[in-house]
Amino acid sequence: MSDEPAVRVTGLAKCFGDLKVLCGIDLSVATGEVVCVIGPSGSGKSTLLRCVNLLEEPDEGSVVVGGVDLTHEDSDIDAARRKIGMVFQSFNLFAHLTVLNNLTVAQRKVLGRDRAEANRVALANLEKVGLLEKANAMPAQLSGGQQQRVAIARALSMGPEVMLFDEPTSALDPELVGDVLEVMRDLADEGMTMLVVTHEMHFAREVADRVLFMDGGVVVEEGPAEQVIGAPEHERTRTFLARVLDPIHRVE
Amino acid sequence: MAMSKRKRARIVRAVQYAVLVVVVVVVAVAADWGRVANAFFDLDVAGGMFPEVITVALVNTLIYTGLGFGFGLVLGLVVALMRLSSVRAYRWIAGAYVEFFRGLPALLVILAIGSGIPLAFPGTILDRYVSIMIALGIVGSAYMAETIRAGIQAVPKGQVEAARSLGMSQSKAMVWIVIPQAFKIILPPLTNELILLTKDSSLVLFLGSSQVQYELTQFGRTELNQSRSLTPVLVAGICYLIITIPLSYLSRYLERRTGGTKIRSAEATEVAQPEEATK
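Protein sequence lines correspond, in order, to chains A and B.
Residue numbering for the first sequence follows the numbering used here, starting at 1 and increasing by one per position.
Residue numbering for the second sequence follows the numbering used here, starting at 1 and increasing by one per position.
Treat each hint with caution, since some may be false.
As the list claims (entries may be wrong) - For lysine-lysine, the following DSS-like pairs were computed, each having C-alpha atoms within a straight-line distance of at most 27 angstroms: (1) A/Lys134 / A/Lys109; (2) B/Lys172 / A/Lys109; (3) A/Lys109 / B/Lys157; (4) A/Lys83 / B/Lys172; (5) B/Lys184 / A/Lys109.
Worth flagging that the hints you see were computed from the coordinates, not collected in a lab.
Given these sequences and hints, build the entire structure.
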């Protein structure tokens, strides 16, 4: 492969009405790299992630994934999205389908795989997230943590080149967070390219190759996890980390 | 005047019972029960209606209702999708369609379709079943379009986003993800539409028909004219209730069952936007 990164975002800007959410973001994720985006609520990090697969249409700037410019008006967004897995905060499993069919519906309707092939891929991915025995369950019968692992398996079943995680553990009860993070860690170890918006600082510190701190729609600070979380240079980063890491004893 | 709350409640309840007793007594004394019994409960007349009231009339009512409901459902889905379209002209046409046909008496619509289509397309001799299907379908579709639209909009936005993020086009997401869930949500109100249409199917008697095409109302009316007894009205009425009461129980059952999922999906959308909420 060339030096072309898996994801390259240039000069990205996005407004909702008068509210400027993203004010010129540059970001690149190399193939096999894990990048975590941290920052306070409303800093634009989820919007940034949603712009990478164009669930939100950027106002300005370009998004290039796997060498394809998604923001070019002639690009086939649906084709590009097949290579970009996305995991949502609220899981968004298809409520009317069994776990297995959640994993196979897009394989069959989008990739045109036959049922046997789709099932084979789906079951392999369910096994990977440790939920093979839930194949015939309905999403509503699963715990939040299980639902999120199914959602990860669903995204993986499309064979993505990049995985986006939008606060994947924020809607979970604390005791269920660990299982989901473990699946994500395994994925990172296998060399998956990952862009993760998260509040899990320990995860970011241990797994991320690079950490971005965002606030007010700009990237305030970026670098190796050790540096950004361990020894932040900017005052805003320090204030944020103090609040997140020690919410009760914080001193203003 | 000092009166305890409990005492007042007891007096109010006693008054309500008294009113009920008076009404029952007045009706019982004033009405001529002998004549009512003669008119409505003539067993000979009732017996003479069988088996045609079931094999012809009830069956035809079911056929007409089924045709109208099926066509109305398809038409309603198309109109609902037009209402949600990004093309402004489609939205406008669908809105006008709904307002127009919801605002007219079903009978007028049926009469207009029955004589209007041969008029608009000269030379076409519509099969009677086809014109019934179109007429009842249009009557039902205006209501069903609104129900379906509400159902589609009740499917959480995250479901579409998940489908799109897997590479599904807008229409694939609609067909495979949104519409199946929407229909699950609107099954109870759709069952109610079916009940309404069952009753509206009586209006097709104005389209004219031969004897083998009679549905319940026309069958009852014809028998009524022949026998000079009101018994056929009662029998036809009971036949309608045999259809509609189970449907209404079904609707209530479905409502109880889907009520649970509605609450669950409401919770799901709540956790979906914490970031917006804190902005």
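Worksheet item: Which hints from the list above does the structure break, by number from lowest to highest?
Response: none
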